[in-house]
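Note that numbering that gives the first Met the number 0 numbers the sequence shown so that position 38 is 37, with each residue one more than the last.
No lab work stands behind these hints, which were simulated from the structure alone.
Where a beta carbon is used, it is the ideal one built from N, C-alpha and C, also for glycine.
Do not take every clue at face value.
[Claimed, not checked] The following label-pair restraints were derived from C-beta to C-beta distances: (1) Asp263 - Gly128: 49 to 59 Å; (2) Arg81 - Arg213: 49 to 59 Å; (3) Ser33 - Arg213: 40 to 50 Å.
[Said to hold, decoys possible] Each computed DSS-like pair below joins lysine-lysine, with the alpha-carbon atoms no more than 27 Å apart: (4) Lys86 - Lys55; (5) Lys269 - Lys86; (6) Lys116 - Lys166; (7) Lys166 - Lys186.
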Amino acid sequence: MSHHSTRVESPERLRLFFLGTFRIECDGQAICLSTHKAESLLAYLVLHPEQHPREKLAALFWGDVPDEQARLSLRVALATLRKESNKNLLLADREMIQLNPDHPIWLDVWEFQESAKDNPESAIELYRGDLLPDLYDDWVALERERLRLIYLDALLRTVQRARSESKYVRAIDLARRVLATDHANEKAYQHLIFCHLALGNRTDALKQYAECQRALRDELNVEPSPETTALYVRAQTEATGTKSSEALFANLPTPLTSFVGRVDEIAQVKHALATTRLLTLIGAGGCGKTRLAIQVATELAATERFKQGVWWVDLAALSDSTLVTQTVAMVFNLSESPTMPLIAVLTNFLRAKESLIVLDNGEHLRGACGQLAGTLLSACPKLHILVTSREPLSISGEVAWRVPSLSLPDVTQFTPLAQLSTTLSFN
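Start from the sequences, fold in the hints, and give me the full structure.
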């Protein structure tokens, strides 16, 4: 959308509002169009600013009448737009019609989409309702749904951020806004259950699970996921009024199969994380490093061990080592600011947090992972990092543990490969 950026900066421009309404303002004065067809045509041309053949527009908006009448209706609608809005807003010749790319325009949809990329809190305030709710043309429906999904994603990212900052009341309010738009959104229910538990409201947490179960059955004919059920079991076992840990179940992968065995390995890895702040699970591909890390992280998330949560970062698909910091920051919905580089933003965010970050599949990015881990652990005294990799990161303070092959039944072989620094520099 870079081709719209010059419009946004112009001091004199049309301001168009398509989210939850249809409104046009010029220099603060409202402009009213006399027909719904004129509104729909203008909205289409603004949202699709490329050139359009007249025949296509006539068929799209007046497809239920003969061609000649459709073309006449298009000419009338164009004349109405030029008369009632601005004569320079549209460019038209005998064949084509398009939005004038040089005409200064601000549109809430453009602003919303831009904000949703790195400022979801701003985006959700811009979204005042579904796109053009009073227009029922077929072309609107797909665009309306696309924007609604962007809105839901921005809302869920903002809920996650509020949770990570222990703003549970705010997170509950935002999760309810998700459900107002998507009644069977399981992630929103997970957030609600978690936040009520964190506030000590066990009864409300159980109520949210029942509502989730009912919504999923009624609308999708499915049962709650194991992830949601785990929160329900936790709600059943916690005493009312007991504030829960700040574990972040929603960020952890949910395996398709249950975890069987490896009890000793789990215990030893958890013990190692209690004594070191950088632990790397190493071993050949397919030996179960990721599955073991998921189980350890899930069990730790269910305890009071890491009060500001357990965060999962999957690096498998990343090929550019310069993007490791950005990938970790994205998990926390962080981005660099004009005055502060991304590593400083991330460090400031994590500085006082008692959290565990899991970097999964780091072998092809060992240098970047090691550099980031060293920077974060030096600056954030309560932070712990668990890495899975075929080889150690080989930085000071790291403890590497070799994960035995799944085919080896003797769990006593699960021993430290190397304690790369006898004096752990991060402790």
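Hint check:
1. Asp263 - Gly128: 49 to 59 Å: Given a distance of about 55 Å, which is inside 49 to 59 Å, the answer is holds.
2. Arg81 - Arg213: 49 to 59 Å: 53 Å, holds
3. Ser33 - Arg213: 40 to 50 Å: 46 Å, holds
4. Lys86 - Lys55: OK: Lys86 and Lys55 at ~22 Å, within 27 Å.
5. Lys269 - Lys86: 70 Å, violated
6. Lys116 - Lys166: 22 Å, holds
7. Lys166 - Lys186: With a Cα-Cα distance of about 17 Å, the restraint between Lys166 and Lys186 holds, given a limit of 27 Å.
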